[in-house]
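Colleague: Chain E is already provided as a structure; the job is to place chain A on it using the hints.
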Amino acid sequence: MKFTVNRTAFIKELNDVSRAITSKTTIPVLTGLKLVAEADGLTLTGSDADISIQTTLSIADEAAALSIEKTGAIVLPARFFSDIVKQLPEQQMTIEIVAGFQTMITSGSASFTINGLDANSYPHLPEITAANSVTIGADMLRQIISQTVIAVSNQESRPILTGVHFSLNEKTFLAVATDSHRLAQRTETLSTDNTSVADVIIPGKSLNELAKMLENVEEVELRITDNQVLFILGKTLFYSRLLEGNYPDTTRLIPKESDTLITFNATELLAAINRASLLSHESRNNVVKLLISESGAKITGNSPDVGRVEEELHVKKQEGNELEISFNPDYMKDALRSFGNIDIEVSFTVPLRPFTLKPVDNGDSFIQLITPVRTF
Amino acid sequence: MRKIIHVDMDAFYAQVEMRDNPNLKNVPLVLAKDPRLTNGHGVVATANYLARELGIHSAMSANEAKKLAPHAIFLTPNFAKYQKVSQQVHDIFQHYTDMIEPIAFDEAYLDVTNNKLDIVNEVNLARRLQDEIWQQLALTCSLGISYNKFIAKLASEYNKPVGTVIIHPNDAIEFLQQLPIEDFRGVGKKTLLSMYQEKIYTGADLYHKQLGWLTNKFGRLGYELYQHVRGIDERPVMWQRERKSIGKELTFTLAITSQQRANDVLNQLVTKLVYLLKQYEKHGRTIVMKIRYHDFETVTKRVTKPDFYKLDETIILAEVLILFNELGGLKKPIRLLGITFTNLAPISFENINLPLFD
Numbered sequence: 000m001k002f003t004v005n006r007t008a009f010i011k012e013l014n015d016v017s018r019a020i021t022s023k024t025t026i027p028v029l030t031g032l033k034l035v036a037e038a039d040g041l042t043l044t045g046s047d048a049d050i051s052i053q054t055t056l057s058i059a060d061e062a063a064a065l066s067i068e069k070t071g072a073i074v075l076p077a078r079f080f081s082d083i084v085k086q087l088p089e090q091q092m093t094i095e096i097v098a099g100f101q102t103m104i105t106s107g108s109a110s111f112t113i114n115g116l117d118a119n120s121y122p123h124l125p126e127i128t129a130a131n132s133v134t135i136g137a138d139m140l141r142q143i144i145s146q147t148v149i150a151v152s153n154q155e156s157r158p159i160l161t162g163v164h165f166s167l168n169e170k171t172f173l174a175v176a177t178d179s180h181r182l183a184q185r186t187e188t189l190s191t192d193n194t195s196v197a198d199v200i201i202p203g204k205s206l207n208e209l210a211k212m213l214e215n216v217e218e219v220e221l222r223i224t225d226n227q228v229l230f231i232l233g234k235t236l237f238y239s240r241l242l243e244g245n246y247p248d249t250t251r252l253i254p255k256e257s258d259t260l261i262t263f264n265a266t267e268l269l270a271a272i273n274r275a276s277l278l279s280h281e282s283r284n285n286v287v288k289l290l291i292s293e294s295g296a297k298i299t300g301n302s303p304d305v306g307r308v309e310e311e312l313h314v315k316k317q318e319g320n321e322l323e324i325s326f327n328p329d330y331m332k333d334a335l336r337s338f339g340n341i342d343i344e345v346s347f348t349v350p351l352r353p354f355t356l357k358p359v360d361n362g363d364s365f366i367q368l369i370t371p372v373r374t375f
Numbered sequence: 000m001r002k003i004i005h006v007d008m009d010a011f012y013a014q015v016e017m018r019d020n021p022n023l024k025n026v027p028l029v030l031a032k033d034p035r036l037t038n039g040h041g042v043v044a045t046a047n048y049l050a051r052e053l054g055i056h057s058a059m060s061a062n063e064a065k066k067l068a069p070h071a072i073f074l075t076p077n078f079a080k081y082q083k084v085s086q087q088v089h090d091i092f093q094h095y096t097d098m099i100e101p102i103a104f105d106e107a108y109l110d111v112t113n114n115k116l117d118i119v120n121e122v123n124l125a126r127r128l129q130d131e132i133w134q135q136l137a138l139t140c141s142l143g144i145s146y147n148k149f150i151a152k153l154a155s156e157y158n159k160p161v162g163t164v165i166i167h168p169n170d171a172i173e174f175l176q177q178l179p180i181e182d183f184r185g186v187g188k189k190t191l192l193s194m195y196q197e198k199i200y201t202g203a204d205l206y207h208k209q210l211g212w213l214t215n216k217f218g219r220l221g222y223e224l225y226q227h228v229r230g231i232d233e234r235p236v237m238w239q240r241e242r243k244s245i246g247k248e249l250t251f252t253l254a255i256t257s258q259q260r261a262n263d264v265l266n267q268l269v270t271k272l273v274y275l276l277k278q279y280e281k282h283g284r285t286i287v288m289k290i291r292y293h294d295f296e297t298v299t300k301r302v303t304k305p306d307f308y309k310l311d312e313t314i315i316l317a318e319v320l321i322l323f324n325e326l327g328g329l330k331k332p333i334r335l336l337g338i339t340f341t342n343l344a345p346i347s348f349e350n351i352n353l354p355l356f357d
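In order, the protein sequence lines correspond to chains E and A. Start counting the first sequence at 0; every next residue gets the next number (numbering that gives the first Met the number 0). Start counting the second sequence at 0; every next residue gets the next number (numbering that gives the first Met the number 0).
Be a bit skeptical, because a hint or two may be false.
[Said to hold, decoys possible] Below, simulated DMTMM-like cross-link-like pairs (lysine to aspartate or glutamate); rule was C-alpha separation at most 20 Å, straight line:
1) Lys281/A with Glu217/E
2) Lys65/A with Asp33/A
3) Lys243/A with Glu281/E
4) Lys332/E with Asp33/A
These aren't lab readings, by the way, just hints derived from the structure by calculation.
Here chain E stands alone, though its shape is the one from the complex (with noise of 0.2 Å):
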């Protein structure tokens, strides 16, 4: 294997491959980061076991300026290359397998030679067909990743939960995520005709690497198995392991009625719950209360060790009943920087049961929902 490329164009897709690659990995050669040189291109594959990215610079590719001079494949240790790449002195490097696995690394009067390890030891890839895919946008994507892996559980306890629930059918594409304390619930209409039918649920933290990388990119195909998912970005490939098990039906959990509806500004109620919290955090009692009354609806934080605090809400419009209900307020920050600087309108029943957050102007298509505190 030899071959030349610009160090820019290079590093771009090291990086985005590098998001797989970790060094706690109970498989030593996923340490590593797979290089194939083909005539036609060359290939970068990173993988953790759960989440595999693989990319291709094409000889096509002006900017990437790539001759492969031959073809061959190698395994690098990935800190130790991604280091050097960067900092080697010129555009242009030269990357060449010498002696076994021993490759070495040239750019203007700098050489490198490190230890490599057999290509053929790397685990293969899935390989996913296109026989159950969806095509979509890839802001969309990025928005419904933001808006729902928020909620996902980090505790393994119930693995389930860690991960956000997709499913597909001809005319919707549906997103949950909860982790039992809260829940956000994205819907969207998909625009074109769509015949594929899934039910996954993928892991947050792959849904969390991939958001990373969907700047710059218009549209993602996604590709589903019973046990991968795969989304084509461009020339870029992304897989992810899928959750086992069956998630939990949420559609109940979401009140269909409401008691008392108040519309706030997301931005400003968030900057308010930011000042509560200020004093919650430092207590044991991380509690804010809402009270709702005729006049009007303020928050209210009391930590004994700590202080008290008190603040009246902006409301925009408020009807139903007066409500006075307490909550993490963790949970609300999170669920209303999803959101961004639009009004939105906040629903309750009774203190003890669930309340929903959403667009004022968006009918459905986003929920968020926050289970309240009991306090005694």
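Modeller: Relative to chain E, chain A alone:
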């Protein structure tokens, strides 16, 4: 003006024993393991008034007490019993106020400024309390009543046993001036010597010292003494004082050698602990397991969770059994097992769960 009562049970452990066994009433009684059984180890927990007349006092070595009163009866303290009786006394306190600061099994401060019975006259209230404890538990106590904790405590000690002493703000300075200097809180053996060197023998002598001089000489204590001798003590009755840990341990005369018995005991400990936690309305994030083997090798291990343990015997027992095995389990016969919960917080709130898996 606050109304604070300091309640001090008279020779508490001895009194409980005499109540339960009248034969002990007219003999010197020392609550300590008989030194003959312990090779002279052990200290006196308390003694009845007959024994005190012979010069025996608490914290004295049991051996010494034996020398002073060879015919005294030595009784091993039964702390579980005293704790139970103490709880009964506290239940009576609760009839009057919730603002109770327990100091020990036999001692507590009560803030009765706003009491549940709306009794305005604090002396009437104190008498009623004293009487109720006597009627219900056949135990006597001494009460000190004043407008702060420091003077209330001095008052209860002033006329023991079965005393009721009230010190009004107008009388406080006079009362404090006649007190020997060693009766002031914080004046221990070492400070007492310095006091004597400075010719401070009474409250009056202390009263005439300048604040600057006192703080230079005694630091923070000097400041407190300056305040106290002027009858000033703003410390509140800490009725909501938080417990740092809740634990339970058992010692076995017959060492544990079988897993079956170890499991039974751990189960029993966990059940008691969960009961206690519920009583105190606390939950904890850390479990500490303690094993003492027959050769007195003592090992402990703790496990801390990011979230509070649910007060569920099965969950906690599972965790405890893991710790037990990690510590070495039954590698040697066991003489003591203990489980403690720390990192406590009041169960003042509970995040409601969505019924996802119901």
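Colleague: Which hint numbers does the structure go against, in order from smallest to largest?
Modeller: 1 and 4
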